[in-house]
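Below are the chains, spelled out letter by letter.
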Amino acid sequence: MKKSFISITLAAAMAATLATGAMTVSASDYTGTIRWLNYKPEVSDQMKEVAAAYTEETGINVEIETAASGTYEQTLTARMDSSDAPVIFVVDSVNMLNTWKDYISDLSGTELYSYCSDDAYTLNDGNGYIYGISYALEGWGIIVNKAITDAYFASPNKSTEYTSLDELYTFDALKAVVEDMTALKDELGIQGVFGSTSLKAGDDWRFQTHLMNQPLYWEWGGNENIDLNGKVPDFTFQYNQEYKNILDLYLNNSVTEPALVGTKTVDDSMAEFALGQCAMIQNGDWAWNTIANTDGKAVKDEDVCFIPISCGVEGEEAMGLNVGASQYMCINSQASEEDQAAAADFLAWLFSSDTGKQLVAQKLQFVTPFTTMADAEYTNPLFASENYISSLGKTAYCWAANLIPDQTWKDEMGADLLAYAQGQMEWDELVETVVDVWAEEEAITNEG
Amino acid sequence: MNKIYKKPKYLAIFTLPTLIAYIIAFVVPFIMGLYLSFCKFKTIASAQFVGFSNYMTVFTDTRGFIRAFIFTVKIAVVGVVTTNIIAFIFALLLTRGLKGTNFYRTIFFMPNLIGGIILGYIWQLLLNGILIRLVGVDLTFKASYGYWGIIILYNWQKIGYLMIIYIAGIQNVPGDLIEAAKIDGATYMQTLKSIILPMVMSSITICTFLSLTDCFKMFDQNLALTAGAPRNQTTMLALDIFETYYNRVGFAGVGQAKAVIFTIIVFLIAMIQLRITSRKENN
Amino acid sequence: MEAKKNMSSLIIYIVLSILSVLFVIPIALVVMNSFKNKLYISTTPFELPNSTSFVGFKNYVDGLTKIHFWNSIGYSLFITVCSVALILIFCSMTSWYITRVQTKTTAFLRTLFLTSMVVPFQMVMYTMTKTANVLHLDNYIGINFLYLGFGAGMAVFMFSGFIKGIPLELEEAAMIDGCTPFSMFVRVIFPILKPITITVAILDAMWIWNDYLLPYLVIGTKYRTIPVAIQYLKGGYGSIDYGHLMATIVIALVPIVIFYFACQKYIIEGIVDGAVKG
Numbered sequence: 001m002k003k004s005f006i007s008i009t010l011a012a013a014m015a016a017t018l019a020t021g022a023m024t025v026s027a028s029d030y031t032g033t034i035r036w037l038n039y040k041p042e043v044s045d046q047m048k049e050v051a052a053a054y055t056e057e058t059g060i061n062v063e064i065e066t067a068a069s070g071t072y073e074q075t076l077t078a079r080m081d082s083s084d085a086p087v088i089f090v091v092d093s094v095n096m097l098n099t100w101k102d103y104i105s106d107l108s109g110t111e112l113y114s115y116c117s118d119d120a121y122t123l124n125d126g127n128g129y130i131y132g133i134s135y136a137l138e139g140w141g142i143i144v145n146k147a148i149t150d151a152y153f154a155s156p157n158k159s160t161e162y163t164s165l166d167e168l169y170t171f172d173a174l175k176a177v178v179e180d181m182t183a184l185k186d187e188l189g190i191q192g193v194f195g196s197t198s199l200k201a202g203d204d205w206r207f208q209t210h211l212m213n214q215p216l217y218w219e220w221g222g223n224e225n226i227d228l229n230g231k232v233p234d235f236t237f238q239y240n241q242e243y244k245n246i247l248d249l250y251l252n253n254s255v256t257e258p259a260l261v262g263t264k265t266v267d268d269s270m271a272e273f274a275l276g277q278c279a280m281i282q283n284g285d286w287a288w289n290t291i292a293n294t295d296g297k298a299v300k301d302e303d304v305c306f307i308p309i310s311c312g313v314e315g316e317e318a319m320g321l322n323v324g325a326s327q328y329m330c331i332n333s334q335a336s337e338e339d340q341a342a343a344a345d346f347l348a349w350l351f352s353s354d355t356g357k358q359l360v361a362q363k364l365q366f367v368t369p370f371t372t373m374a375d376a377e378y379t380n381p382l383f384a385s386e387n388y389i390s391s392l393g394k395t396a397y398c399w400a401a402n403l404i405p406d407q408t409w410k411d412e413m414g415a416d417l418l419a420y421a422q423g424q425m426e427w428d429e430l431v432e433t434v435v436d437v438w439a440e441e442e443a444i445t446n447e448g
Numbered sequence: 001m002n003k004i005y006k007k008p009k010y011l012a013i014f015t016l017p018t019l020i021a022y023i024i025a026f027v028v029p030f031i032m033g034l035y036l037s038f039c040k041f042k043t044i045a046s047a048q049f050v051g052f053s054n055y056m057t058v059f060t061d062t063r064g065f066i067r068a069f070i071f072t073v074k075i076a077v078v079g080v081v082t083t084n085i086i087a088f089i090f091a092l093l094l095t096r097g098l099k100g101t102n103f104y105r106t107i108f109f110m111p112n113l114i115g116g117i118i119l120g121y122i123w124q125l126l127l128n129g130i131l132i133r134l135v136g137v138d139l140t141f142k143a144s145y146g147y148w149g150i151i152i153l154y155n156w157q158k159i160g161y162l163m164i165i166y167i168a169g170i171q172n173v174p175g176d177l178i179e180a181a182k183i184d185g186a187t188y189m190q191t192l193k194s195i196i197l198p199m200v201m202s203s204i205t206i207c208t209f210l211s212l213t214d215c216f217k218m219f220d221q222n223l224a225l226t227a228g229a230p231r232n233q234t235t236m237l238a239l240d241i242f243e244t245y246y247n248r249v250g251f252a253g254v255g256q257a258k259a260v261i262f263t264i265i266v267f268l269i270a271m272i273q274l275r276i277t278s279r280k281e282n283n
Numbered sequence: 001m002e003a004k005k006n007m008s009s010l011i012i013y014i015v016l017s018i019l020s021v022l023f024v025i026p027i028a029l030v031v032m033n034s035f036k037n038k039l040y041i042s043t044t045p046f047e048l049p050n051s052t053s054f055v056g057f058k059n060y061v062d063g064l065t066k067i068h069f070w071n072s073i074g075y076s077l078f079i080t081v082c083s084v085a086l087i088l089i090f091c092s093m094t095s096w097y098i099t100r101v102q103t104k105t106t107a108f109l110r111t112l113f114l115t116s117m118v119v120p121f122q123m124v125m126y127t128m129t130k131t132a133n134v135l136h137l138d139n140y141i142g143i144n145f146l147y148l149g150f151g152a153g154m155a156v157f158m159f160s161g162f163i164k165g166i167p168l169e170l171e172e173a174a175m176i177d178g179c180t181p182f183s184m185f186v187r188v189i190f191p192i193l194k195p196i197t198i199t200v201a202i203l204d205a206m207w208i209w210n211d212y213l214l215p216y217l218v219i220g221t222k223y224r225t226i227p228v229a230i231q232y233l234k235g236g237y238g239s240i241d242y243g244h245l246m247a248t249i250v251i252a253l254v255p256i257v258i259f260y261f262a263c264q265k266y267i268i269e270g271i272v273d274g275a276v277k278g
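Protein chains in written order, with our numbering: chain A, 1 to 448; chain B, 1 to 283; chain C, 1 to 278.
Mixed in with the good hints there might be a few duds.
With a straight-line cut-off of 25 angstroms between C-alpha atoms, the simulated BS3-like cross-links for lysine-lysine are [what the hints assert, rightly or not]:
(1) B:K99 to C:K5
(2) C:K66 to A:K40
(3) B:K7 to C:K104
(4) C:K104 to A:K40
So these bits of chain C aren't anywhere near chain A, every CB distance computed over 12 angstroms [claimed, not checked]:
(5) F46
(6) V134
(7) G220
Calculated from the structure, these hints are not laboratory results.
Note that this is a predicted model, so its numbers are computed, not measured.
C-beta atoms are modelled at their ideal positions from N, C-alpha and C, and glycine is treated no differently.
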């Protein structure tokens, strides 16, 4: 996404030569089943279409299993210990990689890896051993319904001097505009500026993981100092006040009363945005499918765009969206040679054949790091917005939240955030608790 | 004739299918489970013996097992008392010789057939709706909301069931005893106290233990209604074991140790019940 | 006196009627909400559907197709019927044998079977799932075999209690007529067991139909029974859809209600029997 033009063309040329040489996809006599344990429940149906398309073209059976949200590692643990273990599975962080290292084969010799434009999109050991390759580069920030903000900027009744989304790159600006919009919400025809802060257990990942990227990024010293292939760093929640700034802004200018956020799901929040009940919602480009498929969608495609999350840290006006690869495809090293080879063939097909590329771009809507996908066309308006923000020269935040120790910490954080939103827990107590739990889980995770 | 039966062939024909299924589904897993409670493991093949350390973890982690145990006891005490008293009152109302009581019996019993998962979601909808109306918050707001939610759900589910057992007990009280009391001028409360109650003691024992073990083993209702919210404060024993096992990487051994302790608790309850019942029969 | 009695009867009827309404309201509420748009369910369940929130049968149509609920109903039916049949056939045979033939072996078997009645499922959930997987019982056919094993404790206990009360003369007469023990069991004993068979069938059918954890762990990723499918709605598709949840709950309730009203007498008798003996 933010790679130079030259490197893309070079890599594309290389890949093309490699591909022509290697493109002798044998009409193999493989009779097994390629099992893929899918990480993304929101595309579970689309993944099944992909599987069916491959079966139709090659006769090889592909089985997609999808884990419910928040239960991927639990499901993987159960499936790995069974006779029909997945051949393709996903790790979402270095910590998870460490847990599963014994089950991951080296992808450096695969066709898929030859398509990958940069090692930054892989999990590797630094010596050429490729554990996993990302299949979706995702960006997130605050999704905005421009029609509503434009109506605000044009309103004679507004009491701020901001006139464009491009000015909302600091927390002070964002806060001033949001609070003024709340005051004018009847005029703007919205029920709240932000969609519900969905803190129902299992639907709280937008806050216990994604929003945590801001304080983690700043605490650990930014892109240059964060080693995404390293161990879990210590965490003191130095920027907890900044986190609280933006969280309070979400909670107090929302469609939903803070006390009721425990009943709200991500789906609810996205529906509110799609129906035009709110102007802003924190989420990523993957949410486009949900917005687009909402019945009675009122927001226009061309009005959907991003602004970055700001929370009051000095220097954040130079920053753009959170961008990164968080999910890496791995091939199970304990599967039979044939299964592994078949899986590699399948993945090469998925990201380089015409049918496969079309499915990835249209159905799955993944932005991939593969040179073969360079000419893919996407309908998601949020991708254009991402490009626009990086064209302004803004730096993207790396995915620091990948270094959160484990699901236990995330669950604790989510539950505590809910208690805070309901007024049942003081902020200081929350900070203390999550720092303590982090220390415990950090020790467990790093010890391996 | 016993001789023919005793041929190994017949022992095999009659018992082997059940026995094999039982060994596979229960005996082998039970022994393996016992062993694994002393191991650290991710998969069974990689299990390492660690002695009692899993058990130590169980008892030192106050936010896990011990909290769940206390919560479960609280549910059990109130759950057993409320369901039994209400069910008994229902049974009395339905055994006063009124016409058409069958209809009410049918209605009261019905929730008992609905599975715990479905019940949980039905009540989540209803209780959240009420709380949002009255207080402006939902079940996740306070542990006490979740607590009473589970109690109410449990009552709704079990009252009809216990009521049926009490009705059977009350109907076994000989009619002429009650008639005789009436002729002697006893009030209804007196008859209840000195004739009906003593005669249905065995039903009371049965129902008490039924509901007690039920509360201790409760899982589906807990999972669907509160799933432990807020902050695991409404997690009961069975759910806590499940969560430890499957939601924490590296804690499967601890989960298994919790399961062993849980088994001992349930076993003790059953033994106490057996004691009480057999003492009654001897009298 | 008569008037007073009528008065008290009337009060009882009123109390009972109010209570019945309380028992039906939760279900009625779910039915009502199943016709509403998902946005109008979780926070305002008491509002009647209106022109904005009413969606007709959309939740039913979408819910059924999206989560393949027909398959779930099929799995639940198949597993319940097969498992109950296996339990009835094999456990009645086993019970008769170990009750009639008193040897050390049968005494041991009896104790062995009864052990499982006091062991909670969590004790064996993980290891049993693994065993089932190794033996390839983790499909909708194999799971019936697991239910036979799990149901054996209670079924053997119930059957044995009943068989103790059957007079020996019947069997002896049959044996003199030259029956083998097996044909004697089929022709003479099994018909006598009818009442207890119905009881066991009902108790086990209710247990297996509503069971969540065992099918979730053993076959849950591939074959979702009704309770598993409903729980999977939470998170399995990214985020819970209350409209689908309400509709699937209503559909899941229909067979239960039909079954209940069709065999109410047996069900209630069976429950009492099960409770008093168990």
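Hint check against the structure, violated hint numbers in rising order: 4, 6, 7
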